[in-house]
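The chain contents come next:
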Amino acid sequence: MSLSDNQLIQNAQKGDMAAFERLVYKYDRHVLNMAKSFRNSDDDAKDIYQEVFIRVYRGLKSFQFKSEFSTWLYRITANVCITYQNKRKQHDSIDREIGINDEDRTTFADQLPGELRTDDSAVGSDLSKHINRALETLPPQQKMAFTLKYYQDYKIKEIADIMQCNEGTIKRYLFTATNRMRERLKGIR
Amino acid sequence: MNKEKFLELAQLYLMNELEDDKRIELENLIMENDELRKEFESYKQMHEAFTSNRPAEIDEKLLVAVRNDLMRSVRNEAAKLTPKEKILEWLKNIFVVNYKLSFGSLTLVFVGIFVGYFLFYRSSSLPVATNSKSVDLDNVQSYETKISNIKIPNPFFEGGDIEVLFGGVGGTSPISYKGSADDPVIQRALATALTTQQNPGLKLLTVNTIASQIELDRIIPDPKVKAALITAMKTDKNPAVRKEALNVLVKFPFDQEIRDAYLYVLSNDGNSGLRVAAINALANLKVQGASLDDKIINVLNRKAENDESDFIRLRAASLVKEVK
Numbered sequence: 001m002s003l004s005d006n007q008l009i010q011n012a013q014k015g016d017m018a019a020f021e022r023l024v025y026k027y028d029r030h031v032l033n034m035a036k037s038f039r040n041s042d043d044d045a046k047d048i049y050q051e052v053f054i055r056v057y058r059g060l061k062s063f064q065f066k067s068e069f070s071t072w073l074y075r076i077t078a079n080v081c082i083t084y085q086n087k088r089k090q091h092d093s094i095d096r097e098i099g100i101n102d103e104d105r106t107t108f109a110d111q112l113p114g115e116l117r118t119d120d121s122a123v124g125s126d127l128s129k130h131i132n133r134a135l136e137t138l139p140p141q142q143k144m145a146f147t148l149k150y151y152q153d154y155k156i157k158e159i160a161d162i163m164q165c166n167e168g169t170i171k172r173y174l175f176t177a178t179n180r181m182r183e184r185l186k187g188i189r
Numbered sequence: 190m191n192k193e194k195f196l197e198l199a200q201l202y203l204m205n206e207l208e209d210d211k212r213i214e215l216e217n218l219i220m221e222n223d224e225l226r227k228e229f230e231s232y233k234q235m236h237e238a239f240t241s242n243r244p245a246e247i248d249e250k251l252l253v254a255v256r257n258d259l260m261r262s263v264r265n266e267a268a269k270l271t272p273k274e275k276i277l278e279w280l281k282n283i284f285v286v287n288y289k290l291s292f293g294s295l296t297l298v299f300v301g302i303f304v305g306y307f308l309f310y311r312s313s314s315l316p317v318a319t320n321s322k323s324v325d326l327d328n329v330q331s332y333e334t335k336i337s338n339i340k341i342p343n344p345f346f347e348g349g350d351i352e353v354l355f356g357g358v359g360g361t362s363p364i365s366y367k368g369s370a371d372d373p374v375i376q377r378a379l380a381t382a383l384t385t386q387q388n389p390g391l392k393l394l395t396v397n398t399i400a401s402q403i404e405l406d407r408i409i410p411d412p413k414v415k416a417a418l419i420t421a422m423k424t425d426k427n428p429a430v431r432k433e434a435l436n437v438l439v440k441f442p443f444d445q446e447i448r449d450a451y452l453y454v455l456s457n458d459g460n461s462g463l464r465v466a467a468i469n470a471l472a473n474l475k476v477q478g479a480s481l482d483d484k485i486i487n488v489l490n491r492k493a494e495n496d497e498s499d500f501i502r503l504r505a506a507s508l509v510k511e512v513k
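So the protein lines, in turn, are chains C and S. Just so you know, our numbering puts 166 at position 166 of the first sequence, and the rest follows in order with no gaps. Just so you know, our numbering puts 466 at position 277 of the second sequence, and the rest follows in order with no gaps.
Note that these hints are calculated values from the structure, not bench results. There's no promise every hint is true.
Restraint-style ranges between C-beta atoms, simulated for each label pair [said to hold, decoys possible]: (1) S:K289 to C:I54: 24 to 32 angstroms; (2) C:Q64 to S:L218: 47 to 55 angstroms; (3) S:K289 to C:M17: 29 to 37 angstroms; (4) C:N132 to S:D210: 31 to 39 angstroms; (5) C:Q7 to S:D210: 43 to 51 angstroms; (6) S:L218 to C:D42: 38 to 46 angstroms; (7) S:M220 to C:K26: 32 to 40 angstroms; (8) C:I54 to S:I302: 46 to 54 angstroms; (9) C:N132 to S:L218: 32 to 40 angstroms; (10) C:K26 to S:R264: 16 to 24 angstroms.
Cross-link-like lysine-lysine pairs, in silico, DSBU-like; alpha carbons within 35 angstroms at most [what the hints assert, rightly or not]: (11) S:K415 to C:K186; (12) S:K273 to C:K186; (13) S:K227 to C:K87; (14) S:K192 to S:K250; (15) S:K289 to C:K171.
A virtual CB, placed ideally from N, CA and C, is assigned to each residue, including glycine.
Generate the whole structure from the sequences, applying the supplied hints.
Rendered as structure tokens:
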């Protein structure tokens, strides 16, 4: 952690709002990108961003400099993303139960159960759309590992640090996620 | 190397997470085996599809907007006070901002305490315990007029101490006096209570207590006790109290005062039971050998003629006849 980060944190801990603001501006672009890549939605990314930095503001007073501020921040971001995903799933489940069936929210799995047929999909033209829908079917932890690896270019070790688990677990998340995605996307490419 | 292991290594290879020696080993394997090469190519395409699907970088306008929203939220968060801060703020508001109001309130509280102390505390101070040695019998009369309470063991007294509370009015501290029923101070207090207390139950208990002491010959007939009993017998509103007072007076040595009291009851009491008790008391004198004087005879004659009770008329006539 750079000295300037330390100084900014210490000042922010004393109630210096400008220091907190500088700290936010230094890292918030990456936080928003992480949220956007995880949820693939600007609105959801905004919500996650707000939640992350409010948690940071509340927790900054007890920050003890035992880890990099960035690591701490991205851990919070990963946690908020996973919690957000779980909440949305519950919300969607309730929506389905009460009959609200927003087509845009229908998962890829709901639309295409089982094997896909090649001629059912427009090959290549909307691959991105299918990937995103397939991503939606992954459990939050697998999805988080997947997005950090493929969209944010983190190394497995760094992902393990952010998600606070060992590298073996992250590898397992990634293999399982990749294989599931492969199954879902079979015949589209 | 089995297929599953191969696929794991292939993915790590594509993610650029494989060590050099493993990379070389995998590359050799791919070149040697057509089936694995096809599998690898499939994974490679998928990997490229994933990496090319990377979401676009966030829009600068979006970032500015979320930053503005965030700082607004943080300022609101900062404005929220912790419970400790809320208490401090409240105290500051009271003692700094509204100090006039708080000063007025405190003054009012102190004035209230001061007034309350003078009105209630001083008059309700605890009684001062005393004993017979510190009570001057000659001045009991001054206490008698100020008896505020009497505590007699109930049911009917057979032992134990009687507590009398003297004074306690006009801001003076009351005096608590405890003693047995044969204590002269207690006896005077009991007699006084008979004429000054309002509670008929207490008065009856008082009379019975005096009576019990007379029966045990513990009481030295005291003029003031006798006077109180006479007063009670003649004037108490409660017939039971009047009757009990008369029953106690019977046990006192007969004298003119007692005689006049009996005659008063016989002549004036509206309760026939009391009049019967009075005439019986007079008859008892005769049985004891005392002579009935003219004053008694006159009253008896009058009652023999005009008392509304047949029994009293007959009893009075019988007594007069016996005397003659």
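Now the hints, each set against the structure:
1. S:K289 to C:I54: 24 to 32 angstroms: Violated, at about 41 angstroms.
2. C:Q64 to S:L218: 47 to 55 angstroms: At roughly 48 angstroms between Cβ atoms, S:L218 and C:Q64 fall inside 47 to 55 angstroms, so the hint holds.
3. S:K289 to C:M17: 29 to 37 angstroms: Because 35 angstroms falls inside the window, the suggested range holds.
4. C:N132 to S:D210: 31 to 39 angstroms: holds (37 angstroms)
5. C:Q7 to S:D210: 43 to 51 angstroms: At roughly 44 angstroms between Cβ atoms, S:D210 and C:Q7 fall inside 43 to 51 angstroms, so the hint holds.
6. S:L218 to C:D42: 38 to 46 angstroms: Holds - the Cβ-Cβ distance for S:L218 and C:D42, about 44 angstroms, lies within 38 to 46 angstroms.
7. S:M220 to C:K26: 32 to 40 angstroms: violated (47 angstroms)
8. C:I54 to S:I302: 46 to 54 angstroms: holds (50 angstroms)
9. C:N132 to S:L218: 32 to 40 angstroms: Since the Cβ atoms of C:N132 and S:L218 sit about 33 angstroms apart, the hinted range of 32 to 40 angstroms holds.
10. C:K26 to S:R264: 16 to 24 angstroms: Given range 16 to 24 angstroms: holds, Cβ gap about 19 angstroms.
11. S:K415 to C:K186: violated (124 angstroms)
12. S:K273 to C:K186: Distance of about 60 angstroms is beyond 35 angstroms: violated.
13. S:K227 to C:K87: Roughly 40 angstroms separates the two Cα atoms, so the pair is violated.
14. S:K192 to S:K250: violated (48 angstroms)
15. S:K289 to C:K171: The given pair, whose Cα atoms are some 70 angstroms apart, is violated under the 35 angstroms limit.
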